[in-house]
Structure formats: C-alpha cells, structure tokens
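Asker: Residue-level listing of the chains:
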Amino acid sequence: MKKIALNINGEEYVVDINEDMRLIDLLRDKLHFTGTKEGCGEGECGACTVIMDGETVNSCMVLAFQAEGREIITIEGVGNGEALHPIQKAFLEEGAVQCGFCIPGMVLSAKALLDKKPAPTRNEIREGISGNLCRCTGYNKIVDAIDKASKYLKEEGETK
Amino acid sequence: MEINEVFKPSKVEEAIKLLDHYQETSKIIAGGTDLIISLREGKESASVIIDISSIKELKEITKREDWIEIGAGVTFTKVVNATMLQEKYKGLIDAAASVGSPQIRNAATVGGNICNASPAADFIPPLLALEAVLVIAGSNGIREIKLNDFITDKGKVALSKNELLVKVKFKELKRNQGLGFNKLGLRKALAISRICTSVYLEISEDSKCRDMRIANGSLGRHGLREKVVENYFKGKPLTSETIEIGSQLLEEEVNNRLQGRSSAEFKREAVKGVFTVALNKAIENSRL
Ligand SMILES: Cc1cc2nc3c(=O)[nH]c(=O)nc-3n(C[C@H](O)[C@H](O)[C@H](O)COP(=O)(O)OP(=O)(O)OC[C@H]3O[C@@H](n4cnc5c(N)ncnc54)[C@H](O)[C@@H]3O)c2cc1C
Ligand code: FES
Ligand code: FES
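From first to last, the protein sequence lines stand for chains G and X.
Throughout the first sequence, residue numbering follows full-length UniProt numbering, covering 1 to 160 in sequence.
Throughout the second sequence, residue numbering follows full-length UniProt numbering, covering 1 to 288 in sequence.
Be a bit skeptical, because a hint or two may be false.
Said to hold, decoys possible - The calculated DSSO-like cross-link candidates involving lysine-lysine, where the alpha carbons are at most 27 Å apart (straight line), are: (1) G:Lys-117 to X:Lys-59; (2) G:Lys-2 to X:Lys-11; (3) X:Lys-171 to G:Lys-117; (4) X:Lys-63 to X:Lys-171.
In case anyone wonders, no lab produced these hints; they're calculated from the structure.
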C-alpha cells in the first residue's frame with residue numbers, strides 16, 4: 001500500500017493505492033469514475049482515455065503511482081454536471097453516439113485536440129481520434145460532431 | 001503483476017542508486033507502453049518499479065557543439081513538436097509521428113523505444129542512419145556506446161541491471177546532408193511498423209553520393225543497416241537508373257535474410273518502394 005495525492009477534475013484526492021494498480025483501476029474501482037471504460041487493456045482502443053497534465057493517455061497503460069502530483073481530467077470533469085459541454089452537445093445533435101462505449105474517450109480526445117487546435121481540418125480531426133476505436137458509428141458522424149463543436153467553441157469564445 | 005515497491009525519483013543519480021540496490025528485481029518504467037503489456041502478460045516480471053518520467057534532465061532536446069542530444073525521457077509528441085528538429089530533421093519527426101496514436105505518442109519515449117529494441121521499433125532506423133551514440137549512466141559513471149553496438153539481438157540490449165539510458169546524440173546535419181524516413185504500416189493509426197526505412201545521405205559538390213547509410217526496421221531480428229546497398233551507392237550519381245539498381249540490390253538482401261518466412265514475398269516486393277521514397281526524401285532534405 002502507498003498513499004498518493006493527485007488532482008482529478010479539479011479536486012484534490014489523497015488515496016491509498018496498491019503498487020500494481022493501474023490508473024484505470026484507481027479511477028474506476030477505487031474512486032468510481034466509471035465513465036472511463038476498459039476495452040482492450042493494451043493501448044489499442046482508447047476507451048480508457050483520460051487527460052493527464054493536458055495530454056491524452058490510455059489509463060490502462062499508466063500505473064496509479066505514476067499519477068502522483070498530476071492533474072487528471074476524466075469524462076466526469078467535462079461539462080459542469082448540469083450543462084453539457086459544447087463537444088457533448090454536438091455529439092448528441094449529430095447522432096454521433098450509438099452504444100456509447102467509446103464516447104467518453106472520444107470526447108476527451110476531441111477536447112485535447114480542440115484545446116490545442118481550435119479549428120482543425122477534417123483530416124486533423126481523424127488523426128486526433130485515431131487512437132479511439134468505435135465499433136458502431138463508422139466515425140463520420142463523430143468527425144461531423146467534432147467539427148461542429150469547434151464552431152460552438154469559437155462562438156462561445158466570441159460572446160465571452 | 002506482482003509489484004511490491006514503486007519509486008518515482010527526480011534525479012538520475014537517485015534512479016541509479018535504486019537500480020544498484022534492487023538489481024534484477026527492479027524495472028524502469030518510462031511511458032509504460034511496452035512494459036505494462038509485458039508485465040501483465042507475464043513475459044517480464046519485476047517486484048520493484050522505478051518511474052523515470054519525473055526526471056527533468058531526461059526530457060530535454062539540446063544542441064551541444066555540433067551534436068544534437070535527445071533525452072531518453074522525451075516523448076514522441078515532444079519530438080514532433082520540437083522547434084530544433086523542424087525541417088532539417090523531418091526524417092526523425094516523420095518517424096516519431098508514425099508511432100501508434102496520439103495517446104501512445106504522448107506517453108511513449110525515445111529511450112523506451114531504444115531499450116525495448118523491438119524489430120518494429122520505428123525510431124531506431126533513423127537513429128541508426130544518423131550513426132547515433134547513446135549516453136548511459138551507471139554507478140561507475142557515464143559511458144558512451146554506438147546504437148548499432150547497443151542492440152545485440154531482438155529485444156536485447158547491452159545495458160547492465162544498474163544502468164540507465166540518459167540520452168541519444170548524433171552529429172548535426174550539414175547543408176549537403178539529409179535524412180529521409182518512410183514506413184509502410186497496416187493501419188494508419190496503430191500500425192506497428194511492417195517495414196520502415198531510413199536513409200542518411202551526403203551529396204558531394206558534383207552531385208554524387210559521397211556517403212549513404214540505410215537502416216531498416218521489421219526486416220530482421222532488429223533494426224539494422226544495409227551495408228551492401230550503401231556501398232553500391234557510394235561515389236555514384238543518384239539517377240533513376242542507379243536508384244533502380246540499388247533498390248534491386250536491397251530486394252535481394254532482404255530476400256536472403258527473410259528466406260522461409262511467410263512474409264518474405266510481400267516484404268521483398270514492398271521494400272523497394274519504401275526505400276525509394278525514403279531515398280528521395282533524403283535527397284530533398286539534403287538541399288535544405
Ligand atoms: C497500441 C500501441 C501501438 C504502438 N505503436 C508503435 C509504433 O507504431 N511504432 C513503434 O516503434 N512502437 C510502437 N509501440 C511500442 C511502444 O509504444 C514504443 O516502443 C515506445 O517507444 C516505448 O516507450 P515507453 O517509454 O513506453 O517504454 P516503457 O514501456 O516504459 O519501457 C520499455 C522498456 O525499456 C526500458 N527503459 C525505458 N526507458 C529506459 C531508460 N531510459 N533506460 C533504460 N531502460 C529503459 C524499460 O525498463 C522497459 O524494459 C506501440 C505500443 C502500443 C501499446
Ligand atoms: S482499454 Fe486502454 S486502450 Fe483499450
Ligand atoms: S458508439 Fe459504440 S463503440 Fe462507438
């Protein structure tokens with residue numbers, strides 16, 4: 001057992017972890033951020049994507065102790081719990097969600113992309129979500145949604 | 001995974017002390033994109049894990065005299081965005097950008113790619129073509145070794161239990177020198193390289209090939225140089241004719257090496273095309 005401190009979705013946590021726990025185990029089993037999904041468990045599918053210090057990582061490939069002192073954003077930290085984040089809104093409007101399993105990871109990859117590159121081309125969007133597999137949608141509607149979200153975020157920026 | 005103790009040192013010396021103390025029972029983790037899989041599959045075991053991703057000095061890309069130095073802890077995302085590497089080192093950037101997916105590139109490090117020494121490691125061929133040298137720290141101090149001598153077999157490297165790869169360095173490219181990289185993968189995003197080729201080229205004043213170094217990935221037990229083909233090009237002009245003969249030679253080399261493998265047929269055919277593109281990129285790059 002080991003105690004670590006980390007920030008998740010803006011809140012400080014001090015938690016006991018097992019040495020062999022992965023970040024995804026800490027998030028899901030210990031802290032119940034169950035929006036983070038485990039698909040392949042080997043870095044291929046991106047269902048377990050979280051944002052760590054501003055960059056997306058697969059939480060199935062990070063050991064929990066490595067997250068000591070880091071800032072993590074999970075899908076629960078996107079939007080404010082009441083209003084949807086513009087990316088989430090665009091996903092719903094464009095019908096980009098079918099079974100939903102890949103969506104938390106998709107939304108976080110989209111967020112990381114748009115935070116760095118507010119107006120990506122469709123190719124850049126495809127590249128940005130290339131580490132997130134979706135077995136349902138065929139990706140086109142997801143790309144449409146991220147494209148739309150980038151416009152929403154631009155408008156939001158202009159009205160602020 | 002039976003891990004009993006974990007450490008997150010912030011200095012190279014601390015990491016080495018830990019390695020020296022725990023020896024075989026310990027393993028270094030950097031990005032974890034190779035290690036976590038092999039620990040979970042039981043291919044490797046370690047009761048002590050030492051995370052080097054908080055060591056700042058391993059994360060720098062710097063220029064010292066006429067050498068470019070890349071820290072072992074530099075991620076591929078950082079390579080792709082490095083100001084110092086833009087344009088002239090496009091060959092390295094292309095290799096880094098071709099690794100995995102954004103999530104993988106955000107975690108995976110240059111040092112992990114080298115120390116894991118997979119036949120399909122994409123960053124090894126361009127570094128071999130640049131005749132890169134590794135700087136390794138241990139309890140007895142610092143030593144240097146050529147990358148080519150460091151990789152001894154598939155997944156095997158000349159690194160003792162109490163040593164840490166600190167950085168990889170190579171001579172700065174001059175105006176008449178260029179580097180090219182090309183990769184043929186299965187699926188764009190997560191393709192573990194099926195064939196990748198990197199070419200270093202030096203052009204003489206009369207537009208001939210003064211020096212060439214070719215390194216391939218996934219065409220042998222580890223990334224390796226193609227000396228027969230390199231020697232053919234030396235002193236020759238780079239025309240469509242010599243390039244055709246050179247790539248034919250490469251095909252023969254690959255064919256001999258891969259004989260009996262099911263992928264041989266496909267690879268020996270494909271390698272010509274992959275090589276020609278990498279060479280043309282190197283030619284273009286040598287004009288920058
Ligand atoms: C989905 C997926 C896709 C991938 N795609 C590609 C690809 O396209 N191309 C490619 O080349 N690779 C690919 N890989 C493999 C992997 O991402 C790379 O090899 C990566 O560079 C490994 O770096 P790391 O920091 O994650 O290494 P780790 O897993 O942390 O370490 C790997 C090994 O190196 C040792 N090590 C690490 N750093 C040091 C050091 N400084 N000193 C001494 N020993 C050290 C570790 O102990 C371990 O044995 C992929 C992996 C996954 C999971
Ligand atoms: S569960 Fe982590 S990448 Fe698939
Ligand atoms: S919506 Fe089902 S996997 Fe993407």
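Asker: If a hint holds in the structure, say so; if it doesn't, say that too.
Answerer: To see whether the hints hold, each was checked on the structure:
1. G:Lys-117 to X:Lys-59: Holds - the C-alpha atoms of X:Lys-59 and G:Lys-117 are around 24 Å apart, at most 27 Å.
2. G:Lys-2 to X:Lys-11: At roughly 21 Å apart (the allowed maximum being 27 Å), X:Lys-11 and G:Lys-2 satisfy the hint.
3. X:Lys-171 to G:Lys-117: violated, 33 Å
4. X:Lys-63 to X:Lys-171: Given that 27 Å is the threshold and the Cα spacing comes to 10 Å, the pair holds.
The earlier numbered hint that this structure contradicts is number 3, and it is the only one.
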